[in-house]
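Trainee: Each chain, letter by letter, is given below.
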Amino acid sequence: MVRNEGVSLFLVRLAYLIKNRSDAETGRKIDLLLDEIQVGNVRYLHLAIRELSSPNTEYLNIREKLNSANEDDISWIIKSFVDHIPRSEQDYANTLNSYFGISLIDAFLYHCVSERAKTFEIPQNIDSNLAIEFRSFESSEYNYSYSDECDVGMEYFKDSFLLIELRKLFDYRTSQCAIYSNDENKEFKRTPLEKSLLENFFSNHNTLEKIKELRLPGVIDSPSFGRSNALIYFLEKTDGVVENETLFVELMSLTKDVGILCPKRHLATMAENAQSYEFKLVIACLAYIKSRTQSYEHDLRRIIQKIAVGRFDSSLVKLLEHLQSISPSVSEHLIQCLDETFLSKLFQMVTKPNAAIEKRAEIFEWYGHLINDATFLDRAKNLRIDVQISKEKGTIDDARVYVDPVKFTQWVNDNLLDNLTILLASIITPTEPTVMALQWEKVKAGMTELEQVGAILHLAYEEFCTNKKFGIASYIGRRIRHGTLKGTGFNDIKMFAERESFHNLFSNHEFRECFNRWIYEYEELFDHLRDNYIQIFDKNKAEGLISKDIRSSFKKNEANHLLYDVLKSYYVNKNGLELPYIITEYCWRLFEEDLAIIRKFIMNKKAMHGVFLCDINEIPRALHRDIQDFCQELNTITAEKFRIIESWFNKPSIASPSAELALLFRAVVSEVKGLFGNFEPVLFMEEDGYVIKGGAYFVIYDALYILINNAATYGNPTGSLEFKATIENGKDTHFKISISSDISARDSISSVRRSIEASLEGDCEDALITEGRSGIKKLRRMEQDGYIRNVSYAFDNNSVTATFEFIFDYQS
Amino acid sequence: MKILVIEDDSHKLMRILDIVTAHYPLAKIEHIDSVFGAVRYLSEETPDRIILDMSLPSHPPSVGEGSPVAMPAGGIEILLEMRSLRKANIPTIILTQYPDIEIEDEYYTIPQAPSALSKIFGLDNVNVVYYDATNEEWVAPITSFLK
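Residue numbers (the working numbering), protein chains in the order written: chain L, 7 to 818; chain V, 123 to 269.
Keep in mind that the hints were calculated from the coordinates and are not lab data.
Worth double-checking, as some hints may not be accurate.
To be verified - Computed list of lysine-lysine pairs in DSBU-like fashion (alpha-carbon distance at most 35 Å, straight line):
| id | chain 1 | residue 1 | chain 2 | residue 2 |
| --- | --- | --- | --- | --- |
| 1 | V | 124 | L | 500 |
| 2 | V | 241 | L | 192 |
| 3 | V | 209 | L | 387 |
| 4 | L | 270 | V | 209 |
What the hints assert, rightly or not - Just a few of them, taken from the derived set where beta-carbon distance is under 10 Å, the chain V residues facing chain L:
| id | residue |
| --- | --- |
| 5 | 130 |
| 6 | 131 |
| 7 | 157 |
| 8 | 180 |
| 9 | 184 |
| 10 | 186 |
| 11 | 190 |
| 12 | 193 |
| 13 | 202 |
| 14 | 203 |
| 15 | 212 |
| 16 | 219 |
| 17 | 220 |
| 18 | 227 |
Note that CB positions come from ideal geometry on N, CA and C, so glycine has one too.
Next up, chain V with everything else stripped away, as it sits in the complex (with noise of 0.2 Å):
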């Protein structure tokens, strides 16, 4: 199984990294901390599951390079992008940190989200998991999708 991890925190990435390859030691990870590594990475592959976190900036910072655009949605961009390519179908989950996820201008709590994300851009295979670093909540979802 090809799993990519879209996730620009080093901390958070850690311990979904520890959690994937406790529960599944065989699948091939690819990890992208930015939108545009994801976007280009997307055009040309396609992996069987997908872990994105929602807050992310679009270029990967550099030395010298400029600032990155923070994109606080950069995770609708790649869905968005996705449905361009028609990879929409790839089932993907959301880990964010946040409690709430902005969707065209109106903010819709974790629960509400993946109906809002379907209703708005017909994106069926999104589900939403909350983040939260001081517990293991978010533990079962991300295993049970990875199935």
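With the rest of the complex left out, here is chain L (with noise of 0.2 Å):
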């Protein structure tokens, strides 16, 4: 391949077939004999041809994306990958002319395999010793052993895609294409050789039963893949009509993408006819995964609802228990699909905000002991944390500022994800990541695969905010400008100066003038917000306080710890699966610094046109009483509009969790007020403003609630407790984090102290099971698996101080 400096697609091909099926060192050789090659003189085609057979990547995403491509010869031969029998005569000359341009092995290549299609008639002007070695080399064997762990059928499925040419990947990969496709009308458009080797494959699982014990001809034991297109071939057969509604809802757990693969005509059917509720709550599912409209998603909360309340006591875990008996993969896409945003729309059950977050931890808390999973057993805790937090704040929560989280991680899905993951797979990281600084500003030209990465993350903060249908512009344009802005800025102004109790002052020329002067600059001033501030930046919108770049030292700080967490999560996970979720977060810590800018800006504009001031000495001095009483008001009035104005422009408490360190403080000795009624502390702290984002507070909380609850436990409940929280700068910078209390009277200090040090000592692996959430055992735990370090006590006359401290990485 080398040394004839060019190589054909089918070669491209095999070598990804050897870098698949071989080990990572195998693997590496392939990658750079393909760099040796300049394969990337091929660039789309050659992606195109590592994109569908990556054992990463989401085949129907990926096939979609290449079906779209606009039409020119290299796209006709993308289109062959996804769909290998030509339709017509007119897309086969199409085709073989655009291999003719790659070389000619492939143009011949195509022509042999076209022909066995049989679509219409194609002329045979083939060497007919070509065509003998072709037929030769279309009956070898394609033998490999699959692993247990992949789904069979899929791997064996993409694999047939690099080797077509064989004739049993053929009859095989045309028998799978003609029924895994979203395509709506694929029962019809199908050529008689589809339909008859379709026929082969699946006339022997022609019921639920069947389909359920299935075994595809041939060596290929394939479980989901073929169970689901056996299904989707059933459901062709039947019209959609489905007696069996049992075996239906526990089909669900051994097929995959049936919402995705099912046309809506038969999904219409099964609604219309279905019997059980599990097969109505079944379907609702498949039917709003099909196609994510306001409408489906409407009819899935009501059917979810409608069980719940009427079967299951309002319990959404009953019900997940109930389903989890007849079908777990129902139960677990449901869990999924039960996020915060949706559990908030359940408005027959969810009355308050917070009681969603609370229903969402009530579902992690039961998931979590059923698979015996402590992270979700962990982010249930954490929701409740936050729901603590959100009662101790005690404020009204009302930023407009919004992203809707359930389409923007859909977004990242279906147009990101895939690339993502393949890159993510090719940077070979044989140690754990480190935080690296990436030029942003030049990201979307770099050729590096970080920078590569770093495009697409940049990418997707763009998408953050410029998205018109989810994105920050959508909520920006929504519910602020075109919403309250002027309104709550403005009209409560002019009302008020049209007050007949103010007619004396305005009768006066100058006093009138100068309000005038004043009412017109103050309304132009949120006529400006709305039309050029309040906005994204861009050469039309010039003045855009909301920028989707990454240029300042801020935000590129925050976008190197992105792609850091980005990096590790693949590390460790070796999936793409939390990328979504670590991209969104970031996000909203990037927009952070717009948001603080835009808040400081409004200010500033209060302070220059905000208040309004009359030089009263051209004025009658009868008046000016009048005026003062007239200017306070007013002034006032506009400093609770821009007050209210400025906090829309803070983050939603869902997105991104953050809290004071003191806020922290308070939270947990309301909890702790709340399990133990006599205890009502002097509390003795500084409000130190410092704020804890993300997962650290979680941990902070867990510590404090530790040490409090003792002191409420064990210490005076109505004595002292005082916090205290400094930075240090040493070998790390950390927190340094004191709780002191006072013992109860009628302990001695040097008892107390022998029964904290007896207690730091022993085993404490089992800290979690015997003493639950407190006790110093678990403060112990969480020192030794290192969420914080030099847990110390100190003890004096009649208080015992407890100290830790807490390293922020920088998700701190």
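Both chains are given apart, each in its own frame, so use the hints to dock them into the complex.
Mentor: The following block contains the structure:
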């Protein structure tokens, strides 16, 4: 390949087949080889081959992207990768010509493969020796032992694209492609060959029972992929009529992508005839997967509520438990669906926003216990902490800035994730990633894989800001600019000035002129805010305060840590499941700078234009007092209006949680007070203003909870409770946090010391099990696990001071 | 006549109430400011007319109770609920401050929106009017709707 300084697409396909089915070392050699032969010269074709065959990509997503390519020479080849059957003579001719432009062997092989399809008569003008050679080649066997851990059918299906010339792989791919597509009319577009192959493959699987036990002809043992296709074929044959609804529900745990593959008309038939509520729920889920519309989402929410309220005492956990016993995948799908935003819209069951978070916490807790996964239990606990903090804040959360988290993560999944995971897989990291600084202004033109990852992340942030349906631009437009900005800021001022009680004042010419000048500028201010400033910066909105670029040092720093977290997540998990959520979290962090800029801008404008002053020297003395009262009242109103408007430009509390350290302390004290009726300590603390973001504050909350709970349990319930937090720099930067509490009157300091020292010794492995949430052993366990460090106790006459350190990595 | 006004903007609400009470002083007016409130109300009551904002919060904001979800198409949610409750025949007018309405991920101008709502959701009793705080052009369609 190297010697010939060029290669056919056929050999590129073979190279990927070898790479995908070999060890990592061989894979790297293949990558080097592909670099050497400059496969980048056919970049788009090369990427298409890579993505269609990669075990890390979602095939249907890639297929859709490739199918929507523009009609040019390259795209004919791309489309033949996705659909190897030429549907017309013109298609065949265009594709053949395109292959001729790449290489003669590729054109020859395309001709030979197309001939099998027998869609129409193809001219036979191939050299007979070549034809014999091809027939000998096409009958070769492809034997590969797939690992039990993968979906064999899907892996084999992806491989069949790479070696389509082999007859067996051609037959398999032809039959499966005819079904495995989201084309609503695939049933009506099939060629006689496709119909015949489909019938051969699935004729013995004409009942749901047989689909459940599916074993395809030949060596291919294909669990979910094969069953999914068999199920869709079954629905075609029965026109969407399902008699055994229970078995259909069970099959949801043995199939995948049914919502995408099943035509709408069959879903509609099933919905119309559905008898059991489990089946109705499954069909509603499938319909929503198929079409993420307001109508289907509403129907799904309606049916969930009807079932939960009618049959399970409004308990979503009981509903999930029931579904888990029939079909675990249905339960798991619902757990994914039932995020905080979805739950907030279950209006029959969720009366307040925090109730949605509490329900989510219940679901996580149940699921964590079910599958014995502590991360879900942690997530449940953290959500409850968020509710507690929200109660402690005691504010009305009226942030108007918003991004629809479901639609944004869906966009990331659909448009970025496949490319991102391919790039991440190719970044060789034998050791754990470290934080690296990219030149974010230049990533879009970057050539290295890291820069390409950076470019994708940058694109995500741009979409987060600019998408007019679910991004900041949409909500800024609808909820602020076109909503109530001018109404809130201006209308009351106008009405105030029109009060009858001020008619006397306004009868004075100088005062009236002064006020009219001011109100004109004041009104203009809101027009400017709406039209020029509260906008996304671009060449049409050059004064826009929201920037989708990553230029400031703050944003660059955040973006570097986003990159680090993405690399780390992939390094640990080797899949992209967490990535959309990490990206969403960091987009909010990036955006926080713009929110701060907007808030400051608004208050500056308030200082410049929001205060009405009138020079009273030219005005009769008799009116001076009235003018002063007028100005005072008016300026109080404008101050309030600006305060309200400024408060809109905060991150909503459900996005990227954060909390002040002092607020954490107060929230824990409130929670403990709720458990101990007599716990009324005298609090001492400084409002340090330190804000902790992300997971870090849950750790600090946990540690504080242990210490304060102990103080309530063993100490003086009405004594002093002092909280101190300082930042220390040394080998690393960390918080030093201490809680001092008075000991109980019935104890002596020496007995308290002995008791604490005894608790600090000994085994703390089972601290979580035997002591629940409280206990010094749990504190030690947190220290051993690396969440906190340097736990120490100091004792003086009648008080105990517990101290710990918390290192902040960037996430804090 | 029972009129339900679903609106979370206090200024716009005041203007609406001024117009309604001026023209229909005997009408019984109910005001709701969130999707939650509207859904709960409509499950039990049947007003004669509905004046509906499009962009609404999921719940009324309340001290220490968390952040309501912003629903730019909250009005659509209420219309779909009405359809489920078989109350889609209640004459409804959407009074929106935005020049277009998002329906199933597509934007429709004010004139296009009623037929889109009819075609897509089967909602035949919905009209749409643009609300501009700086003029009174929206008043006549509202008073005519309430007749």
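Trainee: A separate judgement is required for each hint: does it hold in the structure or not?
Mentor: So, going through the hints one by one against the coordinates:
{"no.": "1", "hint": "V/124 with L/500", "verdict": "holds (32 Å)"}
{"no.": "2", "hint": "V/241 with L/192", "verdict": "holds (26 Å)"}
{"no.": "3", "hint": "V/209 with L/387", "verdict": "violated (41 Å)"}
{"no.": "4", "hint": "L/270 with V/209", "verdict": "holds (27 Å)"}
{"no.": "5", "hint": "130", "verdict": "holds (9 Å)"}
{"no.": "6", "hint": "131", "verdict": "holds (5 Å)"}
{"no.": "7", "hint": "157", "verdict": "holds (7 Å)"}
{"no.": "8", "hint": "180", "verdict": "holds (5 Å)"}
{"no.": "9", "hint": "184", "verdict": "holds (6 Å)"}
{"no.": "10", "hint": "186", "verdict": "holds (4 Å)"}
{"no.": "11", "hint": "190", "verdict": "holds (5 Å)"}
{"no.": "12", "hint": "193", "verdict": "holds (8 Å)"}
{"no.": "13", "hint": "202", "verdict": "holds (4 Å)"}
{"no.": "14", "hint": "203", "verdict": "holds (7 Å)"}
{"no.": "15", "hint": "212", "verdict": "violated (18 Å)"}
{"no.": "16", "hint": "219", "verdict": "holds (5 Å)"}
{"no.": "17", "hint": "220", "verdict": "holds (5 Å)"}
{"no.": "18", "hint": "227", "verdict": "holds (6 Å)"}
Checked against the numbered hints above, the structure breaks hints 3, 15 and satisfies the rest.
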